[in-house]
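Going by our numbering, the letters in the sequence shown line up with residues 1 to 105, in that order.
One or more of the hints may lead you astray.
Keeping only pairs whose Cα atoms sit at most 30 Å apart, straight-line, the calculated DSBU-like set for lysine-lysine is [claimed, not checked]: (1) K77 / K90; (2) K90 / K26; (3) K52 / K92.
Per label pair, the in silico range of CB-to-CB distance [what the hints assert, rightly or not]: (4) D101 / G22: 12 to 22 Å; (5) K78 / D43: 13 to 23 Å; (6) A57 / D102: 17 to 27 Å; (7) R64 / S38: 30 to 40 Å.
Note that these hints are calculated values from the structure, not bench results.
Since we're looking at a predicted model, the values are computed, not measured.
Cβ coordinates follow ideal geometry from the N, Cα and C atoms, glycine included.
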Amino acid sequence: MDTDTNIYIPDYYRVIERVPGGWHFKEGELFHKRLPISIDFNDFELLYGINKQQVAAELFYLERGKAGYYLANLRQKKYYYCGTEPQGVKLKLRSLGIGRDDPMA
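Assemble the whole structure, with the sequences as input and the hints as a guide.
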């Protein structure tokens, strides 16, 4: 994603970009931690019972590997295609009830 595009999502959502030759799982940054222990939020198998290869396969089935941005709800195993522009991720999140147009409001 563009460095100017910041999104804030629950820890069980991941943004994935389909690029030539593979899938790029975007690294997130934890900004609020309620757990008293350290957890690797990139360990999909430990947290959600699914690995990156399985997620990539589900995304491929969704749009036949079409280039662009995807959103994965790892907790509920739901996957969404967001289009070829980073803003599509924000629009999809809004349609799912996550976030708001003006985060300061």
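Verification of the supplied hints:
no.	hint	verdict
1	K77 / K90	holds, 19 Å
2	K90 / K26	holds, 14 Å
3	K52 / K92	holds, 21 Å
4	D101 / G22: 12 to 22 Å	violated, 33 Å
5	K78 / D43: 13 to 23 Å	holds, 20 Å
6	A57 / D102: 17 to 27 Å	violated, 37 Å
7	R64 / S38: 30 to 40 Å	holds, 38 Å
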